[in-house]
Amino acid sequence: MDWSGILVESTRSAIGVPAAAYAISAVGLNLQFGYTGLLNFGHVGFMLVGAYGMAITVDLGGSMWLGLMVGMLLAVLLGLLIGIPTLRLRADYLAIVTIAVGEILRLVVRSRFAAPLTKGIFGIQRFAGEFFDLNPLPEGRYGIGNLRFDQRTMWVVIVGWVVAVGTTLLVRRLIRSPWGRVVRAIREDEDAARSLGKNVFAYKMQSLMLGGAIGALAGAYLAIDQQNVGPDTYIPLLTFYAFTVVIIGGPGTIWGPVVGSIVFWFLFEFLDELMTEALVAGWFGDVLGSTDVGPIRFALFGIGLMWLMAYRPAGLFGSREELLIDER
Amino acid sequence: MVGRVLAAAAVAGSLLALIPASASAGEGVASITGTLENIEGAVRTPVPGVMITVSLDGEPIGSAVSDEGGEWEVEVPGPGTYAVELDVSTLPEGVALTNPNRSVLPAVDVSEGQRKVVRFNLGPGTGSTVGTWARVWGLFMIGLKLGAIIALSSIGLSLIYGVTGLVNFAHGDLVTLGAMLAFLFSASPVGPEWHVLLATAPALIIAGGLGGLQEVALWRPLRQRRSGMISLIVISIGLSFVIRYLILVVFAGLPRPYRDYAVQAPIDFLGAPIVPKSLVVIVIAAAVLIAVGLFLMRTQMGTAMRAVSDNSDLAESSGIDVNRVILVTWIVGATLAALGGILLGVTEQVQWDMGAKLLLLIFSAVILGGLGTAFGAMIGGFVIGVTVEMSTLIVPIEFKTAIALGVLVVMLLVRPQGLLGVRERVG
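Top line first, the protein sequences correspond to chains A and B.
Just add 264 to wherever you are in the first sequence, counting from 1, and you've got my numbering.
Just add 2 to wherever you are in the second sequence, counting from 1, and you've got my numbering.
Since the hints were made in silico from the structure, they are not lab data.
Don't be surprised by glycine CBs; every beta carbon is placed ideally from N, CA and C.
Certain hints may be false.
[What the hints assert, rightly or not] Which bits of chain B does chain A cover? Going by a derived footprint, with three or more residues having C-beta under 8 Å, they are:
1. 221–231
2. 357–370
3. 392–404
4. 407–420
Next comes chain A alone, as it looks inside the complex (with noise of 0.2 Å):
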């Protein structure tokens, strides 16, 4: 058992690039969920918006952030389209829409009717060049002992965090206002915000789009840094990565997301490394092979995503007399 390889593996994770994207993520999922009690099952989909957007900009000739804008434009826009139909209904409702329109999308990009601009399940790669171009960094090797980057992935590290950081302080600044009361009095009570004449469609709406536009720059930071977006990436299970984060870390705290984020990480990665260690010292005999690993990580997510929902709904470090969302 190399434990402090284990350890070094999972440290990489909480603090590099998953860790920064889903940190982003689930600013824009708790700003939804957290703050405003939508269920947004459809996280996923706003990531894929924002990636394809900026990806398909490039690919037909334009610059990579003007991309970021258009990426993030369409994501406000399915927002727009998602909350229509559903944000006067109840919860349920809008987590059943929303798990679909992202699967939904999903097929669309893969499809042959929308591959002239998509590429189909190809997907597109390298249009990330004006990014690393930027690159301030010498080449070498960041970090400490064994936990060190190269300048490439440094970058990518450097600039995530700044983002993660920067998003958080926005809807820290949002939620402080007149308007974060609002939507934090819906979350509370929606009909108790409708008697004080607050239109509570408008509010949920302006969450719904602006949480959406964050997860979409998530989705953009994740394709950035693997120079490559496919329609497989792109699947429901990532929505509830951004939920564990959120969750983990507190619904509804302005530092959750982040926090949220690099525990789930190590301990993901943890796992990961754990299981796998364990499948080559045999400890699994001829029980489990290789490709188990994958499908047992994503069962024990499953449970722990259960177990914090039922016991440490108000974040890991949370209490339960702090919940905020969900006592109706």
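Model the placement of chain B on the given structure of chain A, informed by the hints.
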């Protein structure tokens, strides 16, 4: 590291599709490959979206779907004689095998490291020319079959919502569970290898039992702790991952048919070619749906279910044991979902995420009919099934599921409580 991040952030699904590949990764991997082209005179057009399955000794070991260029490739573990089957049902409209009996190439020899090219000859038509009427009627029947399966699977979701207020996102995985249990008892080499009809009995009993267990061990304690609706929904999502990926560990990622009724020649049914098993599925489903209807309307338990669904407090105060009613609802719902899964497995194949894929159609059916109403779920199931299948007359087959979402959204805009729902149910 980048690869690892990719793997982490990405996709169980596509990873698992690669299982046979990773098992024999490295240089010189043997594979079977080909290009599907529709040849009309001198014009060759690639045929995408067709499923090809490769089996060894009757055990499917891999499958592929042809891409935009009509190309497909299945990696095989090593040299040997493989059977290659083209799934005729996945051929697009108007394209057929030039020789309908050549959908299976029973003996394809592959040597070490070879990239073996095999060829299926495709041409216009479906052997005998199929007229518009036959196409419409045939799709309608296929839609009825799909609708019957959706209806069976939906009732449980709708009833459970009715009596407990839970929208169970793990319901699709109960469908898979039923199909897998029947597979275990019939086609799996570790099971007793019974006929699939016989295997259905233990599968339904176990699936129903697991449904009851779920209620007693998970949902009842959560209700007693007064967990809110949103918590319960997220927990059901977590549960769906647990069931789905444990099934994947046990049964692996490949789609597999039951041994019985796997291949049937279509018969002429009022002018359209239909495989007999589709008709049997419709008949079985219709009989079960009628039985469920009678159970709900005529028996004391059924009446109690409807009472709890209507108003749980009122039902309790009039002496109904609500917890017992909920338990029975779970058992009935899980059993019906399992039956839906088995019928789906018989007409198509058994796969670890078959229920998850069906879930969107189930949700559409349930909302169309009205959340919480069993009869609404039945009607919704048939409407969705027929609409989705017949939509392929007009839109590309890839958008089948999107059509279901379209129906769902239109319904939410026009009549959110569903066809048979009551207005006050919606927030």
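Hint check:
Under the rule that three or more residues need a Cβ within less than 8 Å of chain A, the assignment of the region 221–231 of chain B holds, with 5 such residues. Coverage of a stretch by a chain is defined here by at least three residues with a beta carbon nearer than 8 Å to that chain's beta carbons; for the region 357–370 of chain B and chain A the count is 4, and the condition holds. Residues of the region 392–404 of chain B with a Cβ under 8 Å from some Cβ of chain A number 5, which satisfies the need for three, so the listed coverage holds. Note: the region 407–420 of chain B has 6 residues with beta-carbon separation from chain A under 8 Å; the three-residue rule is met and the coverage holds.
Checked against the numbered hints listed earlier, the structure breaks none of them; every hint is satisfied.
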